[in-house]
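Heads up: the sequence lines are chains W and B, in that order. Residue numbering for the first sequence follows this note's numbering, beginning at 1 and increasing consecutively. Residue numbering for the second sequence follows this note's numbering, beginning at 1 and increasing consecutively.
Simulated from the structure, these hints should not be mistaken for laboratory data. Hints may be right or wrong, so weigh each one.
Quick list of in silico lysine-lysine cross-link-like pairs, DSS-like style, CA-CA up to 25 Å [stated by the list, open to error]: (1) K176(W) to K271(B); (2) K508(W) to K387(W); (3) K407(W) to K387(W); (4) K126(W) to K271(B).
If we take Cβ atoms under 7 Å as the criterion, some of the chain B residues that face chain W in the derived model are [unchecked claim]: (5) N86; (6) Y278; (7) S323; (8) Q326; (9) V327.
Facing chain W, a subset of chain B residues (Cβ under 8 Å, in silico) [stated by the list, open to error]: (10) A181; (11) K185; (12) W306; (13) P309; (14) I317.
Model, not experiment: these values are computed from the prediction. Glycine residues also receive a C-beta, built at the ideal position from the N, C-alpha and C atoms.
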Amino acid sequence: MFLKRPLLVTAMLALAVTAIRSQAANSDEAPSQRPAPIFADASADGAAAQFKVAPSAASPFDLPASAPRPAVQANTAPWQFSAPKPAADAPGGDPASKSREGEIDLTALRYFAGQGDLARVAAEIKRLREKHPGWEPPQDLFAQSGDSAFEKPLWDLFAQHDYDGVRAGIEAIQDKNPGWQPSSDLTDKLALAEANDKLVKASDAQQWGDVIDIAAGNKMLLTCADVDAIWRTAEALAHTDDEPRALEAYRYILTSCAKREERLATVQKASQILKSPEDLDALLRLGRRLPNGTSEFESVRFDLIRQKLGDAAAGKAGPEASQAEIDALAAHARNANDRGDQQLLGWFAYSRKDFVQAENWFTLALQPGPDPKAAEGLVLTLRGAGKIADAQRLAVQYAGLGPLNRKLMIEVLTTALSDPAATPLSPDDLVTLSQAIDLAKSSEGAQLYAWHLYNANDVAGAADWFRKSADWQQNEAAAIGLIVTAKRLHNMRDYADLVAKYRDVYPKVAALDAAMGGARGIAALRAPAPAQAQTNSPVRVGAGGGWDKNADAIAKTMQAGKVDQALAMLEERRSKGLAEPSGLTVVRGWALYQKGDWEGAKQVFAGLQAKQQQVEDAEFGLATIEHAELPAAMRR
Amino acid sequence: MIVRSGLAGLFVAMCLQASPTRAGTETQAWVTPQRPLASDASSSGDQGDREANAQVARMWFKAEWQIYASTFVTADGRIVDNANGNVSHSEGQGYGMLLAALADDSERFEKIWQWTEGHMMVRPDHLLSWRWDPQKGAITDPNNASDGDILVAWALAKAAQRFNRPDYRASAVVIAGAIGATLIKTSDRGLILLPAAQGFTHEDQSDGPVVNLSYWVFPAFSTLKDLAPAYDWEALHANGLKLLSLSRFGPLRLPPDWLALGGQTPAPAEKFPSQFGYNAIRIPLYLAWDSTPPARHALSGFVNLWRGPRSAGPYVIDVNSGSAEQVLDGAGYRLALALARCVSLDSPIDEQVIKSRDPLYYPDTLRMLSLAAIQERLPQCF
């Protein structure tokens, strides 16, 4: 016996649920129970007559659908509707007792009636009649509630969103109690909840047409009690090119619903859904004034601007911020000293190649103290603006702030190393750079630094750095560097090993080996840095074996590092129609290279290669230029 | 089949012991001081639980009958209404006979019937005079009471079957026929059961005919049909429920004890208090006992009259205003309403409500009737 003891607990729970439910119903703001007028009826009849659409509100979003069932009559007219009068006086009682009701507190009576507790109702009536002789209780206490005792377990299931369970429960009760009908409160709420389920499913499946149909057929879904349903409907409308009604849905929430976070979320969602900036502005203007005088949506507005600027800075497509919006955020960034916004504006300016503004913002953002991202932004900005020396100086200064800053410093400095046009680095900078490369284990930095040493004729030092580069991450430049240095250092065994190791990995190694004649010996090798190369190995420019004095003079000028003069002499010689021996053409190639005209140098070496003249020199020239170009590739 | 040979003994032991007893083997049940947990003794599912519950409920009822009989039944078979000058009435005799029959107490049944027949069957129409006063040692009102007549006929029919006594059935047939001939009448509101042979028609009452829906002992009607098939008991049954559905007055939508059918619509009878009271409290009990689908449906209006030991009430209620009057203070009233909740809502009956006894005849009789209904038809409520 007492098999059904748990039912007692269930019933008590249900009781509590009902109590909460009835309290919730009482505390609901009246407007929140009014459905969003997204699908306003054109014709007002029946229940809809209580909510006549004002003639002036002839909306572009009339959908034929069933009349809304307003749950509670509000006293004030909402914006779309003419002031509603209750269709009928509250049921029950003659005017006299009605006016008495105004004086007598029926809260407890109605509460017990809502609970379906006849005994307590009877006791409360007795108390009130003793207190107010002649008072007659309202006759409608149980007019709408049906037989609520049956429904408590059903409401319990309802509260657990088990709508199938509620349906099954209704059938079970009807089996036992033929003729029993659930209260309209339950069936209405059940139908609404089921419709809401369907709407959510359709929305999740992006079946926008279904979403709109369900919403139009269940307008009571679209109330402040369930803003999610309104959001989903608005999204569906927007996806079916009905932005006006989507806007109307958002507008309804902002004019009718009170919950702060839902209002904020509404604006945020609208910003993603609505295409028209004017529409969004219109919604933002519906923000309520906060005690501090600002709009509740000010933060949202800034967030939206930030979003736009951030997307633009990251190169993402999207709506562009207006100048007014940028100015507004700029003012905020300055006034509130918002470091994040200052940086955002810096990056936005940088992406627009507005280096002046970018430098200003990043500098401002760095005023309170070092910041990795702001420092990175400033260094990049200075480099972009062509202020290479400043960029290098600050890159070194900020290198310790973080891995990215160190990487950037390496990048900036190695660019200077390999770019003949760049300002040469100071010895201190070089030390800093090499330390940073070691610390960062930057393979790229190491091979670039190695080429710098190689070009400075520190072949052994270059070999060390090529080794580091290849160890940290195998790469073609380091491989070629190792092979070249091995050859220059006469490490023929290393040379052979390296060629064997890399020839199949990097096609250029094979080509280089072939060009250098394999085992033809180190005499065939020319240093890629011409000034030094010429020192050790005078250019043999004679065509017929004799000395060409002019050519010799040019070679010597070049050896002295007077590149401009050497080039001028070459041009003079050419203008005189004198033939240019292939050795002299090699000098021309290196001179152009030294002047930073890598393209010109490349053409010269490529011409020699094509004619099979001075092949080794040509190959080295081409290889050197290719490596020299790598920092540029890095910049991309 | 769940019945274990030791169960009855166990049960008796429980009734006598004041402290919990743990049975010796695993197959035996934990028990409370007064009530065995029959469901624990069963391992064969709901049907088994139900059978076990019915078994234990029957034994519980029989034990309680013994206590009830020793309190309210005299040695010569008179049921004493100790709240009303120790009078006896046909209703009480009918209840006594019914309970004795259901408790298989053939000896006491015979005594009660003999007393009843000997003292109350004094009318020529074979109905029972309803009131006997021990002060006078005689009938003090020769009029009948329809519910007493019905209860006696119903009890006789049950006893005839249980105790194999054709003479009981013969008497039952006579009384049932008398009810049909004298008390069942057609009216503007369909077939009705007059509360008595005299005094309730439209000639007797300005708003008459006046009926008492608690005299419609709905669970007896199928038996009465069997006893007196010449009368349309089914229509009477249905019309009783229909009148009940039409007589829901005031904010609490409750029927009165006495209902007038002479007006445009049914109304609380003028010459009686417009109360849902000591009469009408039996309506939910009879509906629950009946448990036919229409009766269950009608029951739903009563399930919230009392909602358990921690709730207020139940009250005598003024049906017009819905105001509580005096408390219906007695375990039997509470058990009858708890039974209504159990049948309608599957809401279990609190153990204290089943265990409590009443010192007064009327509420304790309602308690016994509730237990009788449970053990006969509604073991799930035990």
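*What hint numbers does the structure not satisfy?*
1, 2, 5, 6, 8, 9, 10, 11, 13
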